[in-house]
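Go ahead and model the full structure; you've got the sequences and the hints to work with.
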Amino acid sequence: MALGDDSDLARYDNQLDMCGDTAHPTPIVRLNHVPTNPDVDLYVKCEWVNPFGSIKDRTAKWLLRGLAERGELEGRTVVEATSGNTGIALAAICSQLGIPMIATAPHALSPEKTALLRAFGADVRFTDPADISGLHPMDLAFKLAEEIVASDPERYVMPNQYDNPDNARAHYESTGPEIWEQTGGHIRYFFAGLGTCGTMVGTSRYLKERDPSIRCIAIEPLPGHHISGLKNQEETAVPGNMDASVIDEIVWVDDALTDECARRLYREEALMVGPSAAAIAAGAMTYLSEPGRSGVAVAIAPDSGQKAASYLNQILE
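Adding 123 to a residue's 1-based position in the sequence shown gives its number in our numbering.
You may find that some hints are simply not true.
Label-pair restraints from in silico Cβ distances [said to hold, decoys possible]:
id, residue 1, residue 2, range
1, N436, T145, 15 to 21 Å
2, V152, P252, 37 to 43 Å
3, A379, G127, 35 to 41 Å
4, D128, E383, 38 to 44 Å
Simulated from the structure, these hints should not be mistaken for lab results. Note that beta-carbon positions come from the ideal geometry of N, C-alpha and C, so glycine has one too.
Quick look at the structure:
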C-alpha cells in the first residue's frame, strides 16, 4: 500500500517530489564564525540537499517539464552540454522517465561528476582536448551538443539550459518564493553566481517584484579562473537567460579567494560547500564587509564538495 506524499514527514512517492519548492524548501543556515560584519546576518541556502545533489535539480525538472508540455520530449533522446550538475540531474530524471540522454562535457570534467553522469545512464561525450579553436571548453561542449541535435532533429532534443526561459522560471517559481518566506520578507541582499544565469535572474526577478529595494548581487569569476560551475562572461558566450536589469552589482572573485573561503567554511562552519558555493560566499562576504551594510543576506550554495573531492584534495594540500 502506497502511503502517499507528505512533505511534513519527508515522505515521497517519487524523487522528483523531493526537489526544493515552496512546499518543502531547501534549508538556509546562518554563518556564525566566518562573517566579519556584525551588522549583517549572512545565510547560506544549502542546495545540495536536493535529491541529485545540487540546485540544478530544480533546473532540470523545469526544463524537462517544459519540453513535455510543448510536446517536444516524447520519443526523443535528450542532449545537453554540461559542466556536471545540470547533466547529472537531467540524467537522473531521464532514467526515471525511461528517456535516453547524451551529455556533452568539457574534456577536463572532474572524475566525480563523470562517474555520476554515467551511473545515471548518460552517454558522456567529451570535447576534443586537442581543439585549437580558442573557444571556452563549455562553448565547445555546447557546440558538440548542437551538432548532435542537428544531425537528426527528429531523434534528439536539447533543453538548452543557457537560453531556455524555463531555467529562470524554475527559480522564479521556487527558489525566490522560498527565500522570501524563509526570511519573512526581511532579506536585504541576495547573492548568486553567474553560469547559465537562471538562478540569479529568476530568483532576483521574484525578489524584486516583492521588494524593489532588495540588492541582488552577482558573483562572477575573473578571466582565467578554475571555479567549476561559474562563468566569466567575457570568456564565454553570454547566455540568453542573462537579464542585467535585475542585477544591481557584480562582485569579482578569483581562485585564491575562493579556495581560502572554502577552507574557512569547512573548518569554521562545517559546511560541505563545492567550489562555486565557496566563490559565491567569498563574494558575498567581500561585499558585506563594506561600511554601511546591514540586515539579512542570503547566498546560494549550488552544491556540496562531495562532487569535488579532487578540488578539496588540491586546496587542502
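Hint check results:
| no. | hint | in the structure |
| --- | --- | --- |
| 1 | N436 <-> T145: 15 to 21 Å | 37 Å, violated |
| 2 | V152 <-> P252: 37 to 43 Å | 39 Å, holds |
| 3 | A379 <-> G127: 35 to 41 Å | 50 Å, violated |
| 4 | D128 <-> E383: 38 to 44 Å | 42 Å, holds |
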